[in-house]
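One line per chain: the protein sequences are A, B and C, in this order.
Note that this note's numbering has the first sequence beginning at 1, numbered continuously upward.
Note that this note's numbering has the second sequence beginning at 360, numbered continuously upward.
Note that this note's numbering has the third sequence beginning at 717, numbered continuously upward.
Any given hint could be a false lead.
[Said to hold, decoys possible] In silico SDA-like cross-links for lysine to any residue, where the CA-CA straight-line distance does not exceed 20 Å:
1) 922/C with 417/B
2) 547/B with 322/A
3) 497/B with 894/C
4) 535/B with 149/A
5) 535/B with 225/A
6) 72/A with 149/A
7) 547/B with 227/A
8) 810/C with 417/B
9) 497/B with 810/C
10) 497/B with 917/C
11) 647/B with 322/A
12) 493/B with 894/C
13) 903/C with 647/B
14) 165/A with 613/B
15) 920/C with 501/B
16) 903/C with 709/B
17) 903/C with 679/B
18) 165/A with 679/B
19) 547/B with 79/A
Hints were generated in silico from the structure; no laboratory data involved.
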Amino acid sequence: MLELVGVTKQVGAETHITDVTMTLVKGSLNVLLGPTLSGKTSLMRLMAGLDKPTAGDIRMDGVSVVGVPVQKRNVAMVYQQFINYPTLTVYENIASPLRIQGASDAVIKAKVGKAAELLRLTEHLDKTPLQLSGGQQQRTALARAVVKEAGLVLLDEPLANLDYKLREELRAELPKIFAETGAIFVYATTEPMEALLLGGNTGCLSLGRLTQFGSTIGVYNRPADLITAETFSDPPLNIITVDKRGSEFRHTGGVSFPATPKQAALPDGRYTIGFRPHHLYLDAQGSTGTATQGRVAITEITGSESFVHVDVADSRWVALVPGVRNLDVDTTITVYVDPERFFIFDQTGKLASAPASAA
Amino acid sequence: MARITLDHIAHSYKANPQKPTDYALREVHHVWNDGGAYALLGPSGCGKTTLLNIISGLLTPSKGRLLFGDKDVTRLPTEARNIAQVFQFPVIYDTMTVHDNLAFPLRNRGIPESEVERAVKETAEMIGLTAMLKKRAKGLTADEKQKISLGRGVVRSDVNAILFDEPLTVIDPHMKWMLRSQLKHLHKRVGHTMIYVTHDQTEALSFADKVVVMYEGEVVQIGTPADLFEKPKHTFVGYFIGSPGMNVLPAKVAGDKASVGEHEIALRAPYAELSGKTELGIRPEFVKLVHGNDGVPVKVSAVEDIGRYRIVRTRLGAHEVNAVLPEGTPVPAEPRAVFDTSRLNVYLDSHLVEARQ
Amino acid sequence: MNKTWNNKAWFMVLPVFLLVAISAIIPLMTVVNYSVQDTFGNNEFFWNGTDWFVDTLTSERFHAALVRNLSFSLIILAIEIPLGIGISLTIPKKGWGVSVCLVLMALPLLIPWNVVGTIWQVFGRVDIGLLGHTLAALGLDYNYVQDPIDAWATVVAMDVWHWTSLVALLCYAGLSAIPDAYYQAAKIDGASRWAVFRYIQLPKMKRVLTIAVLLRFMDSFMIYTEPFVVTGGGPGNSTTFLSIDLVKMAIGQFDLGPAAAMSIIYFLIILLLSWIFYTVMTNSEGAN
């Protein structure tokens, strides 16, 4: 069990990590989600013992490990760059942490063989890393982390430098690869989609603060505040500021939405409404939808889904629709929103009301 | 502007190619329309860069002819082809201002200065660089530099085609879609033939009217984004486009029935007798998981809830079958997979085969 | 990212520090010591203040040598830099020609300086030297031992022969760092050969050219061995550069005080000029 208690890290006048408290249990997969420079790498370096916190405590199984250098901790780390020993064979690369531990040749052979099989590297063991594809190089780095049998495995955007199909394959394998070892996994990523696909727990980071930590789907369905909701949405959350009067949300641009009975119970005042791109529809959705006009800015097609960027009133919204929808830029279209799907945040950014389906 | 004809073009880096595998680019024969937006899409080593270099004039193909309009340009050097290119890493003239960068291709061709001024102004306005015309090009950000490279192509009204070689590689993720949207606007406005090389499916499908999917030196499909999604002509296209990719199941096909292991699956129409490796292809979006007696029994191995839908990874005997379930659809306790017959494709040696009519 | 502080690292620097102290700082201090004292033999020294410095700075002999030095440096820079750039542009980019060119060009750089001097001393002799004899046979009145202009021409030609390849090699390194995409873009933009040089190659070579100019300037300003071997500073004083003059004064006349003052001034001039060069060249870079 790894506990971070009120961990703060300052470098000169800058604060990289502010008052982070979180508990990671054995055998769990924990995703650190946040944009570039949100503090993911800083936090991982603190967990690994590469840096010392300015304040707070880090405990491993109840014992403080602050000040224990990284060499004396049982930690494995995999980076975005493919880091291997270029002159050693894949076999020797994977064996390197075992050689340092002074394991016998027989043990090394058995463990390397098993790790290579798990990461599908068996036929490449005699090659050097530079003869491998990017995906295989990263598999080698991962295999080295596996044989180390570390209690804490830190993965810092390990798939970011791979083509998306390779990323898809390796991402599907990762939880399986590490599930057996019982170690604590920490996986940093900038992509909400990646967090969802990996599952486990997710901690959202913003400007060095941990805004929320909990089960991945739980955080996604009930973000505690606007920052978490924005961090955990890709494409970005559609946002509109409104004035609530009774059972109506009014926006300055003359656009207004009816409130559901539950939402109508909130006190009147200013709120920020957020709703996800797949809840902005291009087709009418029964009786609860509200129609409004928008202008198409661009359509992006990923293959199985399309993102339609629309300018509505003074905001740019994104609609995520299944299949291929190739709308011409600059055409005016009708889009529909469903107040049932609204996340409503008060003026301090705290969640005031979430969609009923996400309870 | 010109129509581009690839007349039986093939290329090998070897002096005496014997086998088909000696070719980095296997024979392509195609005509690309004047003013079209084409994307060459495929993983690294698929031959897309070879094809681009043949079009730009860096390479002379081992076989075949390349025509711009009716003119054979196969053996013409780059400078004689009247094309423009945006490279992976921004190429700008460091010591010049943005204005002089844009004016450079025109001045080199001895165009009168008044005409140069007009074209530069118009181009800068189109690509959103008007405010920085007087700045030195050197200090700009990567996306601005890429815009300059693009501008040097657009400024010439007579280019045959504009080529893009993975132009967004060094651009920050949040700037990428801005540039993509500008590019699309620009294409609509200037109407040049554009050819865009990328390994990123989103970039290709968003940019192009027609996507050319390449795999192991071969063009496996040329089609609209919808074609590629709905009717992949090759199992690779099914796998590469869409996330997760198309399910591909080895099967025996007899008439209007297919069998995967001991399970029988109905096809939409009867097929002629097929000899070779036969496979069924079905996208996860078109697989339903139901309770009851329809379909084939599957075992759920993992469920990935990504919010707007769930990816259910199942096994049908020894084969993996993924299903995509819309938000709020439950996974039955003893699920059976039902394939949408109209979306079920049959592949022979990886290529799509049509049913007998 | 900050690293865990480790003060032990400073101990690692100690050997280098000691080495520099012994090899540079201590001898320099000895020179400083001589420059402010006078001696009449018997190892007796008298405090002399800044007299030697004033004497040196106002001496005709020093001015003349300084002008000779500056002229020499400017002439060889004016020849070697353009010539080096020109040669680097003609070196092939790939194939076996590359290594042949590079090895051939590196040859003059590998020859010891006094040997270079001796080669040219013999080469230029009218009686037995290939160059001197040929020129004489052509009816040219060439004799570097008697004619100051001929002596200068010989020393300059020798330096160009010796050092142009260094400039060329540096430029070649700069040129090979230019990605192919630039040349291709230039072709597409319809750029002429001159425009490619002016807007792509020259700007990309700027860094290495700065280094080349600095190196060649400092080196040529300190030139000693080659002219000493070839002309011995003559005829008359026509090729007596500061360094040669310095040695004459210190070893020939045993004027240790004036020689020490002169070498410090000499050192400061080099330092100042190098600093000016460096600032000017890096500033014009920053202004872009």
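Against the structure, the hints:
no.: 1; hint: 922/C with 417/B; in the structure: violated, 28 Å
no.: 2; hint: 547/B with 322/A; in the structure: violated, 25 Å
no.: 3; hint: 497/B with 894/C; in the structure: holds, 15 Å
no.: 4; hint: 535/B with 149/A; in the structure: violated, 39 Å
no.: 5; hint: 535/B with 225/A; in the structure: violated, 28 Å
no.: 6; hint: 72/A with 149/A; in the structure: holds, 14 Å
no.: 7; hint: 547/B with 227/A; in the structure: violated, 37 Å
no.: 8; hint: 810/C with 417/B; in the structure: holds, 16 Å
no.: 9; hint: 497/B with 810/C; in the structure: violated, 29 Å
no.: 10; hint: 497/B with 917/C; in the structure: holds, 15 Å
no.: 11; hint: 647/B with 322/A; in the structure: holds, 16 Å
no.: 12; hint: 493/B with 894/C; in the structure: violated, 26 Å
no.: 13; hint: 903/C with 647/B; in the structure: violated, 56 Å
no.: 14; hint: 165/A with 613/B; in the structure: violated, 33 Å
no.: 15; hint: 920/C with 501/B; in the structure: holds, 18 Å
no.: 16; hint: 903/C with 709/B; in the structure: violated, 41 Å
no.: 17; hint: 903/C with 679/B; in the structure: violated, 51 Å
no.: 18; hint: 165/A with 679/B; in the structure: holds, 17 Å
no.: 19; hint: 547/B with 79/A; in the structure: violated, 42 Å
Going down the numbered hints, you'll see the structure goes against 1, 2, 4, 5, 7, 9, 12, 13, 14, 16, 17, 19, while the others check out.
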